[in-house]
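Undergrad: With the hints as constraints, model all of the structure from the sequences given.
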Amino acid sequence: MDTTQTPARPRSLTPLYLLLAVSLAPVLFALAAYYMPSLGLRPEQSNAYGQLIEPQRSVPTPATLPLQTLQGEAFDLQSLRGRWVLVSADESACPESCVRKLFILRNSHASQGKNVDRLARVWFVTDQGQPSEQILEAYLGTHMLRADPGQLAEFLAPGTDSSAAEQAVKNGMWIIDPNGNLMMVFPGDADPIKVRTDIRKLLNNSRIG
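Take 806 as the starting number for the sequence shown in the working numbering and just add one per residue.
In short, the hints are calculated from the structure, not lab data.
Be a bit skeptical, because a hint or two may be false.
Stated by the list, open to error - Under the rule of at most 20 Å between Cα atoms (straight-line distance), these lysine to aspartate or glutamate pairs were calculated in the EDC-like manner:
id, residue 1, residue 2
1, K999, D982
2, K975, E901
3, K1006, D922
4, K919, D994
5, K975, E896
6, K919, D982
7, K975, D994
8, K975, E959
9, K975, D953
10, K975, D996
11, K1006, D982
12, K975, D922
13, K1006, D996
TA: Here it is in structure tokens:
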């Protein structure tokens, strides 16, 4: 009887190596994306164009910031609570830079489709003059409210000296959220399309207002 046995062939380790490679691939990909951004594997960050205000500031009470319509009636900014409020401020003569801000905010508002009713617009008029009929007609639907420039600056641009604060108020556009918090600011020379896009993102991603 032949007791000689044929030696068993060694088992191939190839399947094991393949399984290990498949398991490690996601980890290696993530490490490469994080530590080697030049490879273009890291997804682009979708940051807001406007500057977030930190900490957010609550809308002031009428005692802190008295407001009046152009007809002389008292106006409580808290009455707009529940909607997103697009804000600009300037003197009644409304130079070209002022018109540009009003135009950007009006068009950003009008372009929001089914979400248009979730927005309101406010123009703080910082003197006792009367805006032109052309401005009144072009921006019908905007709440035009007289405000003391110093008190307004305490809300929109606190922590700066009076002359710098006055300029900051004229140079900006703001968003107040439906909870009554000042939460984002844009420069007066902002890109209109990017402003509109930021507003659309806020409306689409928010469950409030």
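Undergrad: If a hint holds in the structure, say so; if it does not, say that too.
TA: To see whether the hints hold, each was checked on the structure:
A threshold of 20 Å between alpha carbons decides the hint, and for K999 with D982 the separation of about 18 Å falls inside it, so the pair holds. Between K975 and E901 the CA atoms are separated by roughly 12 Å; this keeps the pair inside 20 Å, and the hint holds. A C-alpha spacing of about 16 Å is found between K1006 and D922, which places the hinted pair at or below 20 Å, so the restraint holds. Annotation: proposed proximity of K919 to D994 is violated, straight-line Cα distance about 27 Å (limit 20 Å).
Taking the CA atoms of K975 and E896, the gap is near 8 Å; set against the 20 Å cutoff, the hint holds. Restraint check for K919 and D982: satisfied, since their Cα atoms lie roughly 18 Å apart, inside the 20 Å limit. Only pairs whose Cα atoms come within 20 Å are accepted, and K975 paired with D994 is accepted, the gap being roughly 11 Å. Using a Cα cut-off of 20 Å, the hinted pair K975 and E959 holds, with the two alpha carbons roughly 13 Å apart.
With a C-alpha separation of about 13 Å, the suggested pair K975 and D953 falls inside the 20 Å cut-off, and the hint holds. The hinted pair formed by K975 and D996 meets the criterion: a straight-line CA distance of about 17 Å does not exceed 20 Å. Between the alpha carbons of K1006 and D982 the distance comes to roughly 13 Å, so the proposed pair stays at or under 20 Å and holds. Between K975 and D922 the CA atoms are separated by roughly 27 Å; this puts the pair beyond 20 Å, and the hint is violated.
Taking the CA atoms of K1006 and D996, the gap is near 16 Å; set against the 20 Å cutoff, the hint holds.
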